[in-house]
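Undergrad: Please build the complete structure, drawing on both the sequences and the hints.
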Amino acid sequence: AQSVAQPEDQVNVAEGNPLTVKCTYSVSGNPYLFWYVQYPNRGLQFLLKYITGDNLVKGSYGFEAEFNKSQTSFHLKKPSALVSDSALYFCAVRDPQGGGNKLTFGTGTQLKVEL
Amino acid sequence: DARVTQTPRDKVTEMGQEVTMRCQPILGHNTVFWYRQTMMQGLELLAYFRNRAPLDDSGMPKDRFSAEMPDATLATLKIQPSEPRDSAVYFCASGGQGISHEQYFGPGTRLTVT
Numbered sequence: 001a002q003s004v005a006q007p008e009d010q011v012n013v014a015e016g017n018p019l020t021v022k023c024t025y026s027v028s029g030n031p032y033l034f035w036y037v038q039y040p041n042r043g044l045q046f047l048l049k050y051i052t053g054d055n056l057v058k059g060s061y062g063f064e065a066e067f068n069k070s071q072t073s074f075h076l077k078k079p080s081a082l083v084s085d086s087a088l089y090f091c092a093v094r095d096p097q098g099g100g101n102k103l104t105f106g107t108g109t110q111l112k113v114e115l
Numbered sequence: 001d002a003r004v005t006q007t008p009r010d011k012v013t014e015m016g017q018e019v020t021m022r023c024q025p026i027l028g029h030n031t032v033f034w035y036r037q038t039m040m041q042g043l044e045l046l047a048y049f050r051n052r053a054p055l056d057d058s059g060m061p062k063d064r065f066s067a068e069m070p071d072a073t074l075a076t077l078k079i080q081p082s083e084p085r086d087s088a089v090y091f092c093a094s095g096g097q098g099i100s101h102e103q104y105f106g107p108g109t110r111l112t113v114t
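Order-wise, the sequence lines are chains A and B.
The numbering of the first sequence is the numbering used here, which starts it at 1 and goes up by one.
The numbering of the second sequence is the numbering used here, which starts it at 1 and goes up by one.
Worth double-checking, as some hints may not be accurate.
As the list claims (entries may be wrong) - The following label-pair restraints were derived from C-beta to C-beta distances:
| id | chain 1 | residue 1 | chain 2 | residue 2 | range |
| --- | --- | --- | --- | --- | --- |
| 1 | A | Tyr39 | B | Ala2 | 17 to 23 Å |
| 2 | A | Pro96 | B | Gly42 | 20 to 26 Å |
| 3 | A | Asp54 | B | Glu14 | 51 to 57 Å |
| 4 | B | Ser100 | A | Asn12 | 29 to 35 Å |
| 5 | A | Ser80 | B | Val12 | 38 to 44 Å |
| 6 | B | Asp10 | A | Asn55 | 41 to 47 Å |
Rather than coming from a laboratory, the hints here were simulated on the basis of the structure.
None of the values given here were measured: they were computed from a predicted structure.
Glycine is no exception: its CB is placed at the ideal position from the N, C-alpha and C atoms.
TA: Here it is, written out as structure tokens:
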């Protein structure tokens, strides 16, 4: 069965510093990978996805993610963090058995950006 | 700006009462998902529809929960009878055609059962 792991419950980073939120995946076949962000009292918002092609994917709000097939990872990155980036981040992988665009989500990583 | 809408945004009810949550997916999307989010369990998939047909409701307690799509513009999630352990935020999401399409989430319904 497919799965994603987010090994860090929380990541703390100073504003202006680069940030990385880690995600590893397990899936049979080609991986379709997604990152979502959730701000307090809001629904999840799509950030970016990897389907095929360039291993570096760029998304909303200056975020990018690097797909690494050999390490089965899809880490989310941003060169310079903002306090407003503080939120809960979810990695997800398409379920190849579910049909359509059913996703399996990770447990989430709370990002805290401090001044 | 197309969005998934959910009603009500907040619901407080007493144990044993029926609760109905509604979702309007983005026009043209053919997949609809219901999720439940709690601090303890995180994000759980309850049910999944494609072209209004239920494909997977294995995450849903069958004895009290039911999900339907009366038409392409409305999805409902009902709990009868409600219990305090059902207190959570319930999200609806919709997605377009194709396996690479992302899901778009609504703002959620915060349910409190006392």
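Undergrad: Does each hint fit the structure? Answer for all of them.
TA: Hint check results:
| no. | hint | in the structure |
| --- | --- | --- |
| 1 | A:Tyr39 to B:Ala2: 17 to 23 Å | holds, 20 Å |
| 2 | A:Pro96 to B:Gly42: 20 to 26 Å | holds, 22 Å |
| 3 | A:Asp54 to B:Glu14: 51 to 57 Å | holds, 54 Å |
| 4 | B:Ser100 to A:Asn12: 29 to 35 Å | holds, 33 Å |
| 5 | A:Ser80 to B:Val12: 38 to 44 Å | holds, 42 Å |
| 6 | B:Asp10 to A:Asn55: 41 to 47 Å | holds, 42 Å |
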